[in-house]
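Protein sequences appear in the order of chains A and B.
When we follow this note's numbering, the leftmost residue of the first sequence carries the number 1, and every step to the right adds one.
When we follow this note's numbering, the leftmost residue of the second sequence carries the number 1001, and every step to the right adds one.
The set of hints was computed from the structure by calculation and includes no laboratory data.
Since the model is a prediction, treat every value here as computed from it, not as a measurement.
Yeah, the Cβ is synthetic: ideal placement off N, Cα and C, and Gly gets one too.
It is possible that some hints are incorrect.
Claimed, not checked - With a straight-line cut-off of 25 angstroms between C-alpha atoms, the simulated BS3-like cross-links for lysine-lysine are:
1) Lys122/A with Lys85/A
2) Lys1049/B with Lys57/A
3) Lys122/A with Lys1015/B
What the hints assert, rightly or not - Here are the computed distance ranges between Cβ atoms for each label pair:
4) Asp1060/B with Asp262/A: 20 to 30 angstroms
5) Asp1003/B with Met263/A: 48 to 58 angstroms
6) Val249/A with Arg1063/B: 57 to 67 angstroms
7) Gly30/A with Ser1040/B: 28 to 38 angstroms
8) Val1134/B with Glu77/A: 48 to 58 angstroms
9) Val1134/B with Leu216/A: 21 to 31 angstroms
10) Asp1003/B with Asp262/A: 43 to 53 angstroms
11) Gly30/A with Ile1008/B: 33 to 43 angstroms
12) Asn272/A with Val1134/B: 28 to 38 angstroms
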Amino acid sequence: MNRYSIWVMEFAHVPDYHLSGLIYGAHNQGYRRLPYCYVVIKGEGQVAMVDVGYNYKAYGEVLANMYGVRNWHPPREVLAEAGLKPEDITSIFITHAHFDHMGNIEDFPNATFYLQERELSKWVWAMSLERRFRWLMLGIDPGDILRAVDLARQGRLVCVNGDREGVLPGIDLHAAFDTHTWGSMWVTVSNGGSGNAWVFCGDLAYTMENLRGDDLNDPHYIPVGLATGSQVNLIMASEAMLKAAGGDVSHVIPPHEDRLKDMFPSRLTSANLRITEVALARGQASLVR
Amino acid sequence: MLDEATTIYTLESRKCFEDLRRVAAQIAGVLVLAEAGGKSATPDHPMLKAAAQLHREAVDQVRSRQPPVAARAHHEFLLRAADSLAAALAAALGLQLGSAAAVSTAASSRPLQTAAILPPVREAYEYLQRASNVLPGFPMVAFEQACCAGHVHA
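Just chain B, same shape as in the assembly (with noise of 0.2 angstroms):
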């Protein structure tokens, strides 16, 4: 049974786990297009700045939460998800960590580094496991919404 304070930090955080989730997502899925040989997936995929973005926002929430001693160890995997998939974006988008300047027109043009963007990826996704597993809550499969599981909301 979670404490009060740590029901609401976990009502107020899934969103922004859901969107750290979505932002590894995304970035897995351009290097997915880029290994298969998509010519789109450079670094102005539009997908690469849609998660630029979401991960602002999911970033913005994360560090204005205040976690109760229940929720720290979560709060930590998620800021450290979220420092992972900083990375792994200034990787994908040729920025320095920080940086808030547009891509070049010379880097849009050349296809990803998957070798260099993939470990961060990987390394957020096992963050935001691991935040998974700490709180209830936090799936990494939306399992309400899929076909396996239509017997429990039925």
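In isolation and in its complexed conformation, chain A is listed as follows (with noise of 0.2 angstroms):
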């Protein structure tokens, strides 16, 4: 029986990313639609969230209108259709500082959010070097440093080194330095009995190509599109990350993956929005059914 109710919940989309963004190498291979979705993870008491997308008061209509992201909806609605609201959520694991992952703090009044150290401080590095060195900025906002301050000062931020295990029962954290962001971070949720973890990969992965190659019986790794640090270290992460799910490719779940609904229950809400059930815990009527 699970611990937990997972559900990957989508925000916004862009209807044609370029492959070659997803899956390193992969030019002119055509577009595949890019969901934006946050993790919902529900149980022993507690609701917590990887990522928090961004917030369209800030970014939405540039990121409309400039770069065709569509169909942007605020948590409060995202989260409804789970019976929840944004101050139910009581943990967040924010697994890189990019925007649109990480862009939405102010909604979440209750919540601590966890988040490596090292992509605090490297941003800091980042920024004290001359414009020249701007591209190392990429993403980054400077009100969402600004709201990361206000975090640590409420004491609502809690800087973590390297791994951490039992964050919350059965919830791992774990470091993956130098990869797609200096401090980017993935998180495991062991669900009860075995062969039942479940790894949340943020951007470690955008689709089931960089875990698994496009030949099923003969898989490899693809690091995905964009890496601060290395393609060597992403490649380490997906290994690390697959002995986490037991080897199941399958319980290595990439938020951006479009896929997710042909692997698991899923369905699209009133505002078109999908709903995916990875988990669901005793008691918890399904979200999808």
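With the hints as a guide, bring the two chains together.
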């Protein structure tokens, strides 16, 4: 029996993201729908999330008009499909500090946020460099840094140094330094019983091809298209995640993977947002059936 | 569609907007370190000195601009952001506003007073956001370099 219910909840999408951004070296191979999602983990008297998306007030118009991001909806609306409010969220694990994963801190007033200290300290280092190094600040919003200051002042920011076991019952945090970002983090949920471990990988993998290649009979790792650190480290992180998932690649969940709907029960909401049900705890009604 | 004068202003002002945004981020970065208990987060932190230098350069550039009518609001927001950042830097470095004096040894070892520094930084950020909203080409996040927007420049 599952300890936690787990849902991947879409809040926006890009209709046609170039495949070479998702899969290293996949140039001129077309486009794929890229959903923006966060993960909701409910059980043991806790409601946790992996990442929080971004704030439309700050970014939405630019993203919609210039970059084709469609159908953004706020957490209050998205979480309502699970009978939850943003105020119900107790813990949030930020996989990395890009605006589309960390850009909505202020909507969760009661949550404690967990972030790798290295992600913060390397941000600060990058900001100290001269203008010609500005690529190193890609995807980072100064406003998020200010909001992180607020979180810290409120005692709601936990800077994690490396791996941390048991941050919640059965939930562990794992560092993947110098990969997609300097201080990326992935999350494991041991959901009761053997063979029931799940891995939530942030942007360490965008698609299943990152974790198994394109030949199911001869799997291999292919890194994502963007590494602030190194592709080698991304591949080693993939190995660590797959091991943590007991070698079952279907238990490593890339939230940007549009085909999760083919792997798990799911449905579209009236707002045309997909809810994917990865696990259901005892007593929890399904959100998708 | 922007007129020619506003287009020229936009192109010429982009760097000082980015520099002011960067100054705000640099100060905020040191505040994060301070709140996270970092011992290096004192007034003589190298990033505060870098921020002060960049601020001086950005202020010179902003003040030298002669904005056309359509860009006056933008220019005003940049000036206000620059003033707020000056206040934040003065609080961080332990200086009187407008003072060019070096940080005293006594001041340099004390912890940063986040409560005094944070409000003007937040105010500056809000002015920069307003500037970002009134003219195109002044994003608060460099989306063109972000992984989420790679499909546009691919």
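Consistency of the hints with the structure:
With a CA separation close to 33 angstroms, the supplied pair Lys122/A and Lys85/A exceeds the 25 angstroms bound. The suggested pairing of Lys1049/B with Lys57/A is violated, with an alpha-carbon distance near 32 angstroms, which exceeds 25 angstroms. Proposed proximity of Lys122/A and Lys1015/B is supported: the alpha carbons are some 23 angstroms apart, at most 25 angstroms. At roughly 58 angstroms, the beta carbons of Asp1060/B and Asp262/A sit outside the given window of 20 to 30 angstroms.
Asp1003/B and Met263/A have their C-beta atoms about 54 angstroms apart, which keeps the hinted 48 to 58 angstroms range intact. In this structure, Val249/A and Arg1063/B meet the distance hint of 57 to 67 angstroms, their C-beta atoms being roughly 58 angstroms apart. In this structure, Gly30/A and Ser1040/B break the distance hint of 28 to 38 angstroms, their C-beta atoms being roughly 48 angstroms apart. At roughly 29 angstroms, the beta-carbon separation of Val1134/B and Glu77/A lies outside the given 48 to 58 angstroms, and the hint is violated.
Remark: the range hint 21 to 31 angstroms for Val1134/B to Leu216/A is contradicted by a beta-carbon distance near 53 angstroms. Between Asp1003/B and Asp262/A the beta carbons are some 52 angstroms apart, a value that agrees with the proposed interval 43 to 53 angstroms. Remark: the range hint 33 to 43 angstroms for Gly30/A to Ile1008/B is upheld by a beta-carbon distance near 40 angstroms. One distance hint, 28 to 38 angstroms for the beta-carbon pair Asn272/A and Val1134/B, holds here, with the actual separation near 32 angstroms.
Checked against the numbered hints given earlier, the structure breaks hints 1, 2, 4, 7, 8 and 9 and satisfies all the rest.
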